[in-house]
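Colleague: Okay, here's what each chain looks like letter by letter:
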Amino acid sequence: MARTKSKRRTQIEQLLLAPLNWLEERSGLVGAVKYFLFRKVPHDTNWFHTLGSATLTAFIVQLVTGVILAMYYKPSPNEAYASIQMITNDLTLGWLVRGMHRWGASVFIILLFLHMGRVFLFGAYKYPRELNWLIGVLLLVLAMLEGFTGYLLPWDQTAYWATVVGINLNATAPFLGPFLADFLRGGQDIGTETLARFYSMHMLLIPGGLIALITLHLYLVIRLGVTSPPWSKDGAGVEREEVVVGRRGLVEPRPRGDGAGVEVRGRPEA
Amino acid sequence: MSNQKERAYFKRYKEDVQERGKPFYPYAMFHDTVMSLVVVCVIVALACVWYFTSGEEAGDAGILGPRYTEEADPGTTSFVPRPDWYFYFLFYLLRIFKWPDSVVLGTVGIPTIALVLLLALPFIDRRRERRLVRRPVAVVGALLVVASMGILTYRGATAEESLAGEAVEEVEAWQQEQGLSEEGVQGATLFAQSGCMSCHTYLGSGSSNLGAPDLSEVGADGRSPEEFAAYVANPAEFGNTVMPAYADLGEENLLLLGTFLSESTGGEGGGEGE
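Here the protein sequences come in this chain order: A and B. By our numbering, the letter at position 194 of the first sequence is numbered 1505, and the numbering carries on one by one without gaps. By our numbering, the letter at position 76 of the second sequence is numbered 246, and the numbering carries on one by one without gaps.
In case anyone wonders, no lab produced these hints; they're calculated from the structure. Only a predicted model underlies this, so the values are computations on that prediction, with no experimental measurement involved. Worth double-checking, as some hints may not be accurate.
Said to hold, decoys possible - Per label pair, the in silico range of CB-to-CB distance:
#1 A1523(A) x P281(B): 20 to 26 Å
#2 D1401(A) x E407(B): 41 to 47 Å
#3 K1544(A) x R177(B): 20 to 26 Å
#4 E353(B) x Y1383(A): 49 to 55 Å
#5 P281(B) x K1544(A): 27 to 33 Å
#6 E240(B) x A1507(A): 19 to 25 Å
#7 S1511(A) x R325(B): 33 to 39 Å
#8 A1523(A) x W255(B): 23 to 29 Å
As the list claims (entries may be wrong) - With a Cα cut of at most 35 Å, we get these calculated DSBU-like pairs of lysine-lysine:
#9 K1345(A) x K181(B)
#10 K1544(A) x K175(B)
#11 K181(B) x K1385(A)
#12 K1318(A) x K1544(A)
#13 K184(B) x K1351(A)
#14 K1345(A) x K184(B)
#15 K184(B) x K1316(A)
#16 K1316(A) x K1345(A)
#17 K1316(A) x K1351(A)
#18 K175(B) x K1318(A)
#19 K192(B) x K175(B)
#20 K1316(A) x K192(B)
#21 K1316(A) x K1544(A)
#22 K1345(A) x K1318(A)
#23 K1351(A) x K175(B)
#24 K1316(A) x K181(B)
#25 K175(B) x K1345(A)
#26 K1385(A) x K192(B)
#27 K192(B) x K181(B)
#28 K175(B) x K1316(A)
Glycine included, each C-beta is placed from N, C-alpha and C at the ideal position.
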């Protein structure tokens, strides 16, 4: 079919590809996206490996709903509560946006823990992926801080008193504690200053850090690849002495069976 | 594990993936897309259940709690502080420690140690082994962490909080036990109504939160009502940064509360006091 391309068809194709070629020549981005999409992953990649991207999806939901909420929310003690009521009860689909943001936060945290559990059980934090584990732990901490700062914003009793206790707990830390509590409060009492800085941290500082670290996290995932499940008999990178056995005997590689066949793997790692 | 072996492993990994791997698109991406759709659907479903089972009134809770509680009011002190669910384990951890000596262990010590261990994990566990049957320490450790976090979260979620109404009924019993004066009884009523018992225990009732001490015999050291009033008005001045300031109660009420506390010299039902 390709050989019988009409001149007209070739022209149209070139027209369509021209912007992509223009972009590729000046940035290499097209090649990067192609590499991302068509890079090889271990053949035994499975549903467990989707927890990371699921966490990312939950984060994107938080970003989108958060941006919409920021258009209507008023971060001052006199107006915050009323604006939350307005968003929830009067604004078209406001309840959905706020509800998704509120519950998306919990889903995000749950997925973070599940993803971390998966990485732990798969031993995927081991060489050469130690750095990505560190970044992941920092992401977890930032996500918890995001939860803490966001909890105050509705400015209802639950929000207020939980923050009173939270800040007082910070103050018990030796040396830095009292300073940290004063900084969070923005003065002696929880009020205008507190709400303003919690809002600023919640929608600028911490999300900025999260986005930067997620970018690094993904870069390392793509660069280093994902690990095969630990139970995989022919997972990527697994030592394959048994294949040698198979070749010697001119038979198929001997399956390792129920895991009891480890004797063909040679000595266990000390 | 020598560096050489680690590098050999990773080289073999890359070769295996090149030879026998499958392209991310469409295989892995299909799984990722389905999972992401599930996540979004779950979030939307939670939002719907939350909204449609609750009402516009503050505190009108549905299956997933109210849309909001009453507007924040620094003046009310009867509100029981409660963090979001993923902080319950920390919240409950603090009940285990007693203020002021060891509460810092709960607020800073244990969380810091846990965080450092988590960060250091890849440098502690340097073996290349990834199969679970060969990693008994890691598996047992993980199970213990999950179990303890689960228990702390559950206990935090179901922790009983004293209700102001119930506590007020006990004032009479306190009067008999402690021999409170007229003013002391008024102070005791304030004590029961102002949410003090969300954190403090008194003659066996109330809940011990955030490491707050039992107050049954807090007056045994002979402090005057004025001293107690000043303390409650601004605990931070006395080095207590956990307890919120209650200056909003007003001088008169604070003095009544102080009288009650200084008359609390210990009943038979009292727990370990300060």
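Colleague: With reference to the structure, classify each hint as holding or not holding.
Modeller: Evaluated hints:
1. A1523(A) x P281(B): 20 to 26 Å: 24 Å, holds
2. D1401(A) x E407(B): 41 to 47 Å: Check passed, 44 Å falls within 41 to 47 Å.
3. K1544(A) x R177(B): 20 to 26 Å: For K1544(A) and R177(B) the Cβ distance comes to about 24 Å; the hint holds.
4. E353(B) x Y1383(A): 49 to 55 Å: 50 Å, holds
5. P281(B) x K1544(A): 27 to 33 Å: Violated: the Cβ-Cβ distance is about 40 Å, outside 27 to 33 Å.
6. E240(B) x A1507(A): 19 to 25 Å: With a Cβ separation near 22 Å, E240(B) and A1507(A) satisfy 19 to 25 Å, so the hint holds.
7. S1511(A) x R325(B): 33 to 39 Å: With a Cβ separation near 34 Å, S1511(A) and R325(B) satisfy 33 to 39 Å, so the hint holds.
8. A1523(A) x W255(B): 23 to 29 Å: 27 Å, holds
9. K1345(A) x K181(B): Holds, at about 23 Å.
10. K1544(A) x K175(B): 20 Å, holds
11. K181(B) x K1385(A): Violated: K181(B) and K1385(A) sit about 54 Å apart, past 35 Å.
12. K1318(A) x K1544(A): Status violated; Cα separation ~53 Å.
13. K184(B) x K1351(A): Answer holds: K184(B) to K1351(A) is near 9 Å, not above 35 Å.
14. K1345(A) x K184(B): The given pair, whose Cα atoms are some 19 Å apart, holds under the 35 Å limit.
15. K184(B) x K1316(A): 39 Å, violated
16. K1316(A) x K1345(A): This hinted pair holds, its Cα atoms lying about 25 Å apart.
17. K1316(A) x K1351(A): 32 Å, holds
18. K175(B) x K1318(A): Violated. K175(B) to K1318(A) sits at ~57 Å, over the 35 Å cutoff.
19. K192(B) x K175(B): 26 Å, holds
20. K1316(A) x K192(B): Holds. K1316(A) to K192(B) sits at ~32 Å (cutoff 35 Å).
21. K1316(A) x K1544(A): Status violated; Cα separation ~48 Å.
22. K1345(A) x K1318(A): 28 Å, holds
23. K1351(A) x K175(B): 23 Å, holds
24. K1316(A) x K181(B): Violated. K1316(A) to K181(B) sits at ~44 Å, over the 35 Å cutoff.
25. K175(B) x K1345(A): 32 Å, holds
26. K1385(A) x K192(B): The given pair, whose Cα atoms are some 50 Å apart, is violated under the 35 Å limit.
27. K192(B) x K181(B): 18 Å, holds
28. K175(B) x K1316(A): 53 Å, violated
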